[in-house]
Amino acid sequence: MSFDLNFGWTSTIGEVMLGATKADGGTRRLSYRIGGGTTLPFLESRADSPSPLIALEICDYLPFWSPIVKNYCGDLVNSVGEWAKAADASYGADLIRLYLTSTRQRNFSDIASIRKTVEDVLSASSLPLVIEGSNEPKIDSEVFQTCGEAAQGERLLLGTAEAGKYRSVAAAALAYNHSIIAQSPIDINLAKQLNILLKEIGVQRDHIVIDPYTGALGYGFEYSYSAMERIRFSALKGDADLAMPMICSAIDSLTIKEVREAEPGLQDELATRWEFYTGIAAAAAGAEIICVRHPGTIPLLRKAFTDMKKPAGPSAVR
Amino acid sequence: MALKALDIYKLLPKKNCKECGDPTCLTFAMKLAGGKADVDLCPYLSEEAKSVLGASTRPPIRLVRVGVGERFFKVGEETVLYRHEKTFYHPPGIVFRVRDTQAAPEIAAVTRRVRDETFTRVGADLRFSGIAIENTSGSAETFAKAVAAVEAEQAHLPPVLIAKDPAALKAGLVHCGSYRPLLHAANKENFREMCALAKQYGCPLVIRAATPEGLVQLVKDCTAEGVQDIMLDPAPETLGAFITRSTQIRQLAITRSVPELGYPVFLDSTLTGQQDAAIVLGIVKYASVIVTDPLTPGPAKAALTLRQNIYTDPQKPIQMNPGLYRVGTPDKDAPVLMTVNFSLTFFTLQGYLESTRIPCFMLIVDTEGMSVLTAVAAGKLNEFLVRDAIKKFGVENEVSHRKLIIPGYASPLSGRIEEATGWKVLVGPRDAAEIGEFLHEEWKK
Chain A
1 MSFDLNFGWT STIGEVMLGA TKADGGTRRL SYRIGGGTTL PFLESRADSP SPLIALEICD
61 YLPFWSPIVK NYCGDLVNSV GEWAKAADAS YGADLIRLYL TSTRQRNFSD IASIRKTVED
121 VLSASSLPLV IEGSNEPKID SEVFQTCGEA AQGERLLLGT AEAGKYRSVA AAALAYNHSI
181 IAQSPIDINL AKQLNILLKE IGVQRDHIVI DPYTGALGYG FEYSYSAMER IRFSALKGDA
241 DLAMPMICSA IDSLTIKEVR EAEPGLQDEL ATRWEFYTGI AAAAAGAEII CVRHPGTIPL
301 LRKAFTDMKK PAGPSAVR
Chain B
319 MALKALDIYK LLPKKNCKEC GDPTCLTFAM KLAGGKADVD LCPYLSEEAK SVLGASTRPP
379 IRLVRVGVGE RFFKVGEETV LYRHEKTFYH PPGIVFRVRD TQAAPEIAAV TRRVRDETFT
439 RVGADLRFSG IAIENTSGSA ETFAKAVAAV EAEQAHLPPV LIAKDPAALK AGLVHCGSYR
499 PLLHAANKEN FREMCALAKQ YGCPLVIRAA TPEGLVQLVK DCTAEGVQDI MLDPAPETLG
559 AFITRSTQIR QLAITRSVPE LGYPVFLDST LTGQQDAAIV LGIVKYASVI VTDPLTPGPA
619 KAALTLRQNI YTDPQKPIQM NPGLYRVGTP DKDAPVLMTV NFSLTFFTLQ GYLESTRIPC
679 FMLIVDTEGM SVLTAVAAGK LNEFLVRDAI KKFGVENEVS HRKLIIPGYA SPLSGRIEEA
739 TGWKVLVGPR DAAEIGEFLH EEWKK
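Sequence order for the protein chains is A and B.
Counted from 1, the first sequence has number 180 at position 180 by the working numbering; the numbering is strictly sequential.
One rule links them: number in the working numbering = place in the second sequence (from 1) + 318.
Treat the hints with care, since some could be wrong.
Capping the alpha-carbon separation at 30 Å, the derived lysine-lysine pairs in DSSO-like fashion look like this [said to hold, decoys possible]:
1) A:Lys310 / B:Lys482
2) A:Lys310 / B:Lys506
3) A:Lys165 / B:Lys698
4) B:Lys742 / A:Lys138
5) A:Lys309 / B:Lys404
6) A:Lys257 / B:Lys762
7) B:Lys698 / A:Lys192
8) B:Lys322 / A:Lys192
9) A:Lys237 / B:Lys322
10) A:Lys138 / B:Lys404
11) B:Lys404 / A:Lys237
12) A:Lys257 / B:Lys698
13) B:Lys650 / A:Lys257
Simulated from the structure, these hints should not be mistaken for laboratory data.
Here the structure is a predicted model, which means the values were calculated and not measured.
Next comes chain A alone, as it looks inside the complex (with noise of 0.2 Å):
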């Protein structure tokens, strides 16, 4: 009687480097790879299959954040340089994700703030880089040209690319050998349609993150859940177009009622548990970088991923 496994794939997830060194042109202390797998999740024989990464998101411009953060993380969010420099020192983040929501203020212009912020953040860590632009299509072509420029040759990944709005985001990214993030509203197909699309532009699969779109728990979860299940199944039966390592950002989960109207003693408790059974389970489903908001979040999927590592004794899956 066999107890293997054996799914018959033959594909791999295609890899994806985030961030450069000295070596690779970059002013990073670390890069990564990501993907590379070649069955579910955490069934990986290969001892140094890399483990999901944890990204800190951060921003600019703080109206549009969450006071949970703000009143956890105190007075060091009103500088987007300490708060990176806190994500890498103190939180213990594998990768800083800068939102710049002061673009997203009405008829916003300053592009010139935007260069600093992009450099104040590169000086004060040297995590590799994910920045999220503007989400206007007036500015957007600046903003992203701007982004790439700023951080030429270190690798970023670079987001939003959706479906109505993707050549800003890839011009830049081509222009200043970044990769970027193909966001789909939690469907398989409009996934994959983006990625031929980006294809056709010039953008490599090697430079593609795909996202499927998070809902928070309890708020669409449930199909983001399935939909990362269903990309990384297709991928690994050969659909090189959803060969891509996949992102993870839940990004309501601190704004649904359930973490919102908490009460303010529990509210740091209620936040970091929606965002790590958010995390784990995503990571389950294939996810391989997982972003979120509260620091406190950190440890606890830094804990877990080990231990989801650890191989499984002498019935492993061979």
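Starting from the structure of chain A, add chain B where the hints point.
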């Protein structure tokens, strides 16, 4: 492998006696092939045919019930590895553990909490499933007292009795034996005594071994002793071990490659040293009973919500009843916001509207559970649907103005809705999170 109806038919007596309740042996064979009938209904089967059919027609994972009365739960009868292939049917029982070394009032308090605590979301009442009592003291007498303390609350919760020593279980069963408790756990040393207890009280039995070989051997031993209702505890030392073993069990069971593994999985989330993570992985990776220490509010709500999410049919959008809903107590001047009856859209928007503290009406139209984006693309959301909903739900009598706020993603319809309804249309934001700002800036003008 599953047998086809014709293969099954060949093994039947072909008498068409109708004693099984079916008109012919062929129709009975078709039912068997679909897992919709039991081989035992045929009185004329040879022993050999029975054993062949029994193994291949029963569900790949056995259905096991725990507890009796209103709060009983059943697990098993799952058919897929991925929920998108079909769905997951029977959500895991999440049971709170007490130890027999705890004082009786503490044990009673946990019991009452599981009995009473309800967390309501998306219109459903979510609850924890039962009480596990663990024989930490090593004394059968102490264990029996703890079980008695739980039962004294008259909570009628499904019990799980955890003890290494059959003598302790026996003492506990005196107090809850007729409530179909789950017994934990049989191993290769004690399985005979454990099976004797399970048979005596007619209750399900967990077997525990860290390898599939060990589990298969124990299943064979216990079924030979006459116990059918079995659960498998793969005894994971790490979270990785759980993912691997549980996936292995599920896959080998649903493909019928190893029929002996066709039983629900039991997980003690406290053993990995990382209870929260184990609960998450138990829910998404096929556990059917999850034992945990009583949870604080954060993990409690997150666990119940995740279980609800994962055991929602992924192919069926959850729908709200179309209608006119009130947020606060809106008056004749209150804004009216139209959106679709996809429940996530509804609850997300409702949450944000509540926090604006502006009383208003939500006009929910029937897009068969589609989101705004999908409904617009599919033409489900159109001006006539909106016009008819305004009439049907009497919106004109509720407000004195004629202004309708529509979702940002429905903006292509704004002109046509104005023509069809005669109402002035205001296009709201795409993201519900911005509705507060929108109402303050646009509505108040």
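Tested hints:
1. Between A:Lys310 and B:Lys482 the CA atoms are separated by roughly 27 Å; this keeps the pair inside 30 Å, and the hint holds.
2. For a cut-off of 30 Å, the pair hint linking A:Lys310 to B:Lys506 stands: about 27 Å separates their Cα positions.
3. Between A:Lys165 and B:Lys698 the alpha-carbon distance is near 25 Å, which keeps this suggested pair within the 30 Å criterion.
4. In summary, the hint linking B:Lys742 to A:Lys138 is supported, as the alpha carbons are separated by about 28 Å, within the 30 Å threshold.
5. The straight-line distance between the Cα atoms of A:Lys309 and B:Lys404 is roughly 29 Å, inside the 30 Å bound, and the hint therefore holds.
6. In summary, the hint linking A:Lys257 to B:Lys762 is supported, as the alpha carbons are separated by about 25 Å, within the 30 Å threshold.
7. With a CA separation close to 25 Å, the supplied pair B:Lys698 and A:Lys192 stays within the 30 Å bound.
8. Proposed proximity of B:Lys322 and A:Lys192 is contradicted: the alpha carbons are some 37 Å apart, above 30 Å.
9. Pair hint A:Lys237 plus B:Lys322 holds up; C-alpha atoms about 28 Å apart against a cutoff of 30 Å.
10. Of the supplied pair hints, the one linking A:Lys138 and B:Lys404 is violated, its CA atoms being roughly 44 Å apart against a limit of 30 Å.
11. A threshold of 30 Å between alpha carbons decides the hint, and for B:Lys404 with A:Lys237 the separation of about 19 Å falls inside it, so the pair holds.
12. A hinted pair counts as satisfied when its Cα atoms are at most 30 Å apart, and A:Lys257 with B:Lys698 qualifies at roughly 29 Å.
13. Of the supplied pair hints, the one linking B:Lys650 and A:Lys257 holds, its CA atoms being roughly 27 Å apart against a limit of 30 Å.
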